[in-house]
Amino acid sequence: MTLFSLTGVRQVFEGRTVLDIEHLELSAASSYSLQGPNGSGKSTLLNILAFLEPPTAGEIRFQGRVVDWREKTLHLLRRKVVLVDQHPIMFSTTVIKNVEYGLRMRGIPSRKRRAAAEAALERVGLHAFADRQAHRLSGGETQRVAIARALACEPDVMLFDEPTASVDVENQALIEAVIQDIRRQQRVSVIFATHKRLEAARLAERRIFLFAGKVTGPGGENVLSGIIAHRPDRSVCTLGPTVELEVRQRLPSGPVRIAVKPEGIRVYSAAERQNVAFTSVLHSGRVLQMTLEGDAVKLHVDIGIPLKTVLSRDEAVDSGIMVGDTVRVAIDPDAIQAVQG
Amino acid sequence: MTLFSLTGVRQVFEGRTVLDIEHLELSAASSYSLQGPNGSGKSTLLNILAFLEPPTAGEIRFQGRVVDWREKTLHLLRRKVVLVDQHPIMFSTTVIKNVEYGLRMRGIPSRKRRAAAEAALERVGLHAFADRQAHRLSGGETQRVAIARALACEPDVMLFDEPTASVDVENQALIEAVIQDIRRQQRVSVIFATHKRLEAARLAERRIFLFAGKVTGPGGENVLSGIIAHRPDRSVCTLGPTVELEVRQRLPSGPVRIAVKPEGIRVYSAAERQNVAFTSVLHSGRVLQMTLEGDAVKLHVDIGIPLKTVLSRDEAVDSGIMVGDTVRVAIDPDAIQAVQG
Amino acid sequence: MDFLSQSLAAALEMIWSLDDEMYFIVYISLSVSFFSTLIASLFGVPLGFLIAVNHFSGKRVLITILNTLLALPTVVIGLFVYAFLSRRGVLGFLGMLYTPEAIVVGQVILILPWVAVFTMAAVSRIDERYRYTALTLGATRLHAALVVAREARFGIIAAIIAAFGRVIAEIGIAMMLGGNIKGFTRTMTTAMALEHNKGEFVLAVALGIVLLSVSLVMNIVFQLIQGRYGVQR
Amino acid sequence: MDFLSQSLAAALEMIWSLDDEMYFIVYISLSVSFFSTLIASLFGVPLGFLIAVNHFSGKRVLITILNTLLALPTVVIGLFVYAFLSRRGVLGFLGMLYTPEAIVVGQVILILPWVAVFTMAAVSRIDERYRYTALTLGATRLHAALVVAREARFGIIAAIIAAFGRVIAEIGIAMMLGGNIKGFTRTMTTAMALEHNKGEFVLAVALGIVLLSVSLVMNIVFQLIQGRYGVQR
Numbered sequence: 001m002t003l004f005s006l007t008g009v010r011q012v013f014e015g016r017t018v019l020d021i022e023h024l025e026l027s028a029a030s031s032y033s034l035q036g037p038n039g040s041g042k043s044t045l046l047n048i049l050a051f052l053e054p055p056t057a058g059e060i061r062f063q064g065r066v067v068d069w070r071e072k073t074l075h076l077l078r079r080k081v082v083l084v085d086q087h088p089i090m091f092s093t094t095v096i097k098n099v100e101y102g103l104r105m106r107g108i109p110s111r112k113r114r115a116a117a118e119a120a121l122e123r124v125g126l127h128a129f130a131d132r133q134a135h136r137l138s139g140g141e142t143q144r145v146a147i148a149r150a151l152a153c154e155p156d157v158m159l160f161d162e163p164t165a166s167v168d169v170e171n172q173a174l175i176e177a178v179i180q181d182i183r184r185q186q187r188v189s190v191i192f193a194t195h196k197r198l199e200a201a202r203l204a205e206r207r208i209f210l211f212a213g214k215v216t217g218p219g220g221e222n223v224l225s226g227i228i229a230h231r232p233d234r235s236v237c238t239l240g241p242t243v244e245l246e247v248r249q250r251l252p253s254g255p256v257r258i259a260v261k262p263e264g265i266r267v268y269s270a271a272e273r274q275n276v277a278f279t280s281v282l283h284s285g286r287v288l289q290m291t292l293e294g295d296a297v298k299l300h301v302d303i304g305i306p307l308k309t310v311l312s313r314d315e316a317v318d319s320g321i322m323v324g325d326t327v328r329v330a331i332d333p334d335a336i337q338a339v340q341g
Numbered sequence: 001m002t003l004f005s006l007t008g009v010r011q012v013f014e015g016r017t018v019l020d021i022e023h024l025e026l027s028a029a030s031s032y033s034l035q036g037p038n039g040s041g042k043s044t045l046l047n048i049l050a051f052l053e054p055p056t057a058g059e060i061r062f063q064g065r066v067v068d069w070r071e072k073t074l075h076l077l078r079r080k081v082v083l084v085d086q087h088p089i090m091f092s093t094t095v096i097k098n099v100e101y102g103l104r105m106r107g108i109p110s111r112k113r114r115a116a117a118e119a120a121l122e123r124v125g126l127h128a129f130a131d132r133q134a135h136r137l138s139g140g141e142t143q144r145v146a147i148a149r150a151l152a153c154e155p156d157v158m159l160f161d162e163p164t165a166s167v168d169v170e171n172q173a174l175i176e177a178v179i180q181d182i183r184r185q186q187r188v189s190v191i192f193a194t195h196k197r198l199e200a201a202r203l204a205e206r207r208i209f210l211f212a213g214k215v216t217g218p219g220g221e222n223v224l225s226g227i228i229a230h231r232p233d234r235s236v237c238t239l240g241p242t243v244e245l246e247v248r249q250r251l252p253s254g255p256v257r258i259a260v261k262p263e264g265i266r267v268y269s270a271a272e273r274q275n276v277a278f279t280s281v282l283h284s285g286r287v288l289q290m291t292l293e294g295d296a297v298k299l300h301v302d303i304g305i306p307l308k309t310v311l312s313r314d315e316a317v318d319s320g321i322m323v324g325d326t327v328r329v330a331i332d333p334d335a336i337q338a339v340q341g
Numbered sequence: 001m002d003f004l005s006q007s008l009a010a011a012l013e014m015i016w017s018l019d020d021e022m023y024f025i026v027y028i029s030l031s032v033s034f035f036s037t038l039i040a041s042l043f044g045v046p047l048g049f050l051i052a053v054n055h056f057s058g059k060r061v062l063i064t065i066l067n068t069l070l071a072l073p074t075v076v077i078g079l080f081v082y083a084f085l086s087r088r089g090v091l092g093f094l095g096m097l098y099t100p101e102a103i104v105v106g107q108v109i110l111i112l113p114w115v116a117v118f119t120m121a122a123v124s125r126i127d128e129r130y131r132y133t134a135l136t137l138g139a140t141r142l143h144a145a146l147v148v149a150r151e152a153r154f155g156i157i158a159a160i161i162a163a164f165g166r167v168i169a170e171i172g173i174a175m176m177l178g179g180n181i182k183g184f185t186r187t188m189t190t191a192m193a194l195e196h197n198k199g200e201f202v203l204a205v206a207l208g209i210v211l212l213s214v215s216l217v218m219n220i221v222f223q224l225i226q227g228r229y230g231v232q233r
Numbered sequence: 001m002d003f004l005s006q007s008l009a010a011a012l013e014m015i016w017s018l019d020d021e022m023y024f025i026v027y028i029s030l031s032v033s034f035f036s037t038l039i040a041s042l043f044g045v046p047l048g049f050l051i052a053v054n055h056f057s058g059k060r061v062l063i064t065i066l067n068t069l070l071a072l073p074t075v076v077i078g079l080f081v082y083a084f085l086s087r088r089g090v091l092g093f094l095g096m097l098y099t100p101e102a103i104v105v106g107q108v109i110l111i112l113p114w115v116a117v118f119t120m121a122a123v124s125r126i127d128e129r130y131r132y133t134a135l136t137l138g139a140t141r142l143h144a145a146l147v148v149a150r151e152a153r154f155g156i157i158a159a160i161i162a163a164f165g166r167v168i169a170e171i172g173i174a175m176m177l178g179g180n181i182k183g184f185t186r187t188m189t190t191a192m193a194l195e196h197n198k199g200e201f202v203l204a205v206a207l208g209i210v211l212l213s214v215s216l217v218m219n220i221v222f223q224l225i226q227g228r229y230g231v232q233r
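Protein chains in written order, with the working numbering: chain A, 1 to 341; chain B, 1 to 341; chain C, 1 to 233; chain D, 1 to 233.
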C-alpha cells in the first residue's frame, strides 16, 4: 500500500529551491533511509512529510488522500505521523508528562495515559526516569525520551532526523535497537535521515538519496565541487589540479557541484588493462579503504579526488584488489550528475 | 633540542583531574599530533602549552627554562607560542587589523606591521580579504585568517586545536596545505590536536595519544565502556552482551572506560588457528573495513564490539584477509588500559 | 546623624504602631499599582504574545512603536492624560481628574508597553521547535500556542513583576493625575516627595521604609524568577 | 480637543520663539543630567568592568547588592540624601540642599548601579576567548582587558545612554533635592509636574514636547546601538 505519494513537490526558502521532487512513492509498513550531503533537503522533506511545513508547490497524497494544507484539519493528519528531531525539544516538566503529551492531545483519559507513557518509556529503557525533570537529561537520554514520546502516540509513521548524530556510541546502539524494534514489531513505517551509511544499511529496507534537493540514485556519495569547461568535442568537469571528467549533461561553463553514481565507476587492477568500459580515459588511483556494506564491499579510491564505488563481495575477492594497491579507474560520463553553483 | 618538557603535570577542574602527565618531552622544529577521544585532555594540554592556563601541579620547562606562572612575565613566553583555536575569535574590526594585532602587541611600527600582516594573509590565500570585516568571514575563512594572525607573530611554536574540524572539505585541504608549509619552510614547531587519523598521519612527524588525561601508546582508538568483574582466576571486563576481555590491571568491580592498544590485537584468518599469541581465548569476528594508513593497513573488526588494529601492508597481503571475512581475534590483556567511571 | 537616627526611630515606631494615616497611604499605593498592573497585563501579555507568534506586515513597525513607548517619561504621560481629563479637556465631563482611577489610566499607559515588549521578548526566546514539537505530537494550533506560553511563563511573570515595581515607585503620574489628596489619592511616592518638608518627615521616612521594602521584595522575586528562568534555558 | 490643540499650538510657538524661561529650564535639565551621567559613568563603567573580569570572593554578593540597588525608588533616594543634606542633617553645613549639585548627588546614586550592572552584563557577554586570543597573540593583561572593553563598547555606550534617559525623565530626586526653584533648580520634569495647574500649562506642554523629543532621540540611539550590537554578536 502506498503511504506517501509526492508529485512535483518543491520547497522554496527565500528564493532558493531547497527541494524539488518530481515523483516519490513511499510504501506503508516499510523502512526508508534518507541520505545525502548537508543541505540536500533531507530535513526539509521530513518537515513536509510530518505536515509541519507546506511545500511551495506540488501535491502530496497520504494514505491515498490528497493532503489539504489548511491548518484547520492538519492536526488530524499530524496525529498519524510523528517527527523526532535531531536535537529533540523537551517541555520543561517531568519526563513522564512529556511522554504523555501526545496522548493528552488525543484526549486519552489520565490513567490510561500514564500506563501507555510508562510502557513507551520502558521500550527505550528509561522507565526509571519517569519523574525526572526532562531538561536535566543528557543528549542521548533526551533522544530516547523523544522516541518514547513519539511511540506513545502510536503513529502510523515515525520520522527521525539524524536520530544518532548527536549522541554517544552507547546511546547510538540503544537508539538503533529501538528503531529496529519499532520496524519489526509494528505496522509502523519508519523514515529516517542519516549521514551514516552503515546505519542506513542496518536499519532501512530501502534507501532514498537526495542531492541538491533532488532524488538521485544511490550516488549521494561522490559529491564534489568542480568547474565545467567546454572542449571542441566534449564537455568536461575539472576537479582539483589534475582531474578532468567527461560530462554528457549540457551545462554552461562555470562552477558546479557534481555527484558521481558509484555504479558508474569501474576499478581495474593495474595488470588488467583490456576490456575497459565506458570511455577511453583511464584514471590512475590508489585504493585507500575497503568497507563491508551488507553483501557488498565499498571501495574508497583516490584518483586525485576521492571516489567511492561498490563491488559485490565476490567481485572484490576475484579482483584480488587490496588496500594500498594502485588501480585504474574508468568513469561513465552518464553517471555524473551536475548542478550549477 | 627539547622544546617542552613536562613533569608531573596535572590539571584539576572542579575536583576532576582532566590531565595527568607523568613525563612528556617535545622536541623543537618538529610536528606533533595530539589525538584521543573527546574529554581526553587535548585542549587542556594545548592551553597549558600556550601558557594560557597554569596547571594545578607539576613543572614545565620551555626551551630549557622552568616556566614561572606569575602573570607579570608570562606574556613574554606567550609571545613565542601561539594557539589557534578550533573556533577562532576574530576581533570586531577588519581582517588586516586582526592579523596586525600580535605585531602591535610586540611594538612593531605601523608600516612594517602592515607589510608583515599582508604577507601572512598571502600565505593563507586571503590577501584580497584584508579590508573586510573579520566577523563577516565564513568558518573556513575565519580559521585561515586566524592562522595568518598567528603566523604574523612569527612564533617558535604554533598550536592548533582541531584546525579542520569545523570547516568544509575545500578549506580543510587549504588549511592542511598551510600547516604543511609552515612545518616545511620554517624552524617553527607545530603541535595540533585532531580527531582525524588521516590528518595526523599526513601532518605530524610524531603522534601523542591521550586517554582520560594520560599519555598512552597509540591506542586512543579502541575506547569502550565496560564493567569490571572479578572471577576466581582472573579479572575480566564485560563489554556489551557477549564480549568479555581479560584484564591484568587491578581495579575494583564496576563501570570503566577501557582503551585497547591496537598492537595488542592479533587477527587470524579462520583457517589459521595454530600459534595463537597472548591468551587461549579467541574471539570470533568479522572484518568490516580496511583502510590504508601510510604504509600500514588499519583493520576494523567486529567481535561484538568494534575493534581497530593495524597490520603492515605486507602482513595484510600475506594474510589473505578480505573485507567481509570471518576471522579469529586474540587480545593481549596487557594491552588493555582501564580507567574507572 | 542624630537627626537621621531620630527620624528613623520615629518612623519605625509609626510602622510598628500601625499608624492609620500611614497604612491608608500604603493601601492606596498598593491598590492603585495592583489595578494598573492587572489591566496592563490583561492587555499587554496577549498583545506581546500575539506579536511574538504571528507574522504580519507592519510587525517591525509595531515593535518599534512599542519600544519607543518604553521611553515615555512619566510626566509626559501625566500631562497628556491631564489634558484629556481636566475640566477643559475632552473627557473632563467624566470628573476623573484627581481620582485614583486617573492614576490608573496614566500608569496603564506607562507600563502596558513594558509588559507587551517583555512578554514578546520572553515568547520570542522560546525556540520555534517547541511549537513544532507540540504540533507533531498532535496538538492543535491553540494547544501549541499554550505550550509556547507555558515555556515562556517565567519571563512573562518577571515582566509583570517588573511592571508592578515600576508603577509603585513612580511619582510623576501619581502627582499630576492624583493630586496628592489626603486619604484619597495620596500615594507613598507623592506623600514622600511633597510632605516631608511640611513637617511630615517622620511619615515620609516611614513610607520610604515601606516602599523600599516592597521594591526590594519585588526585586528579589524578580531575580529569583530570572535565575530560575536562566537556569532552564 | 480644542483646549489640547490650543495648548499645543501655544507650546510650539513658545519653542519656536526661543522662549528664555523655557530654554533655561531645558538647559538646567540637560546639564544636571549630563553631569549625573558623566560622574556615574566614570565610576560605574570601571566598577562594572572590574566585577566582570575579576574573580574574587564576595563577587556574587556584590552583584546581588548592585542588582538590588537597581530597585531603589527615586523618592527613597531623594529622602535619604535629603536627610543628609538638610540643615539638620550631617552634611547640612555644606548648604547643598536645593542646589543643582544636590540633584546630581541623588541622580548619581540612582544610576551608578545601572551603569555598573549593564557594563558588567555587556562585558560578561564577551566570550572569555577574546581575552585568551589577545593573550596568546602576546598581549599583556592590560591590553587583553582593553580588547574585551573594546568588544563590549556598544553595550557600555548603550548602558550610558539608558542612564541618561533615566535621569532626564526622573522627577522624584529633582523635586526633593532641587526644590523646583525657578531659574536655579527647576528642571523639565519638576516644572511640568508642579506648574501646569498654576496656569503655566503652555510652558508645561512645551517642556513635555522637548522632554519627549530628548527621550525619543535617546531611545532611537539606544535601539540603533543595540541593533548594531545584536548583529555583531
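Because the hints were derived from the structure by calculation, they are not lab data.
Treat the hints with care, as some may be off.
[To be verified] Quick list of in silico lysine to any residue cross-link-like pairs, SDA-like style, CA-CA up to 20 Å:
| no. | chain 1 | residue 1 | chain 2 | residue 2 |
| --- | --- | --- | --- | --- |
| 1 | B | K97 | D | E195 |
| 2 | B | K112 | B | Q86 |
| 3 | B | K214 | B | Q340 |
| 4 | C | K198 | D | L194 |
| 5 | A | K72 | C | S124 |
| 6 | B | K97 | B | P109 |
| 7 | B | K97 | B | A130 |
| 8 | B | K97 | D | R131 |
| 9 | C | K198 | D | E195 |
| 10 | A | K196 | A | D156 |
| 11 | B | K80 | D | L142 |
| 12 | B | K308 | A | R197 |
| 13 | A | K214 | A | T73 |
Here's how the hints hold up against the structure:
no.: 1; hint: B/K97 with D/E195; in the structure: violated, 56 Å
no.: 2; hint: B/K112 with B/Q86; in the structure: violated, 29 Å
no.: 3; hint: B/K214 with B/Q340; in the structure: holds, 13 Å
no.: 4; hint: C/K198 with D/L194; in the structure: holds, 16 Å
no.: 5; hint: A/K72 with C/S124; in the structure: violated, 24 Å
no.: 6; hint: B/K97 with B/P109; in the structure: holds, 13 Å
no.: 7; hint: B/K97 with B/A130; in the structure: holds, 8 Å
no.: 8; hint: B/K97 with D/R131; in the structure: holds, 16 Å
no.: 9; hint: C/K198 with D/E195; in the structure: holds, 19 Å
no.: 10; hint: A/K196 with A/D156; in the structure: violated, 25 Å
no.: 11; hint: B/K80 with D/L142; in the structure: holds, 19 Å
no.: 12; hint: B/K308 with A/R197; in the structure: holds, 19 Å
no.: 13; hint: A/K214 with A/T73; in the structure: violated, 29 Å
Checked against the numbered hints given earlier, the structure breaks hints 1, 2, 5, 10 and 13 and satisfies all the rest.
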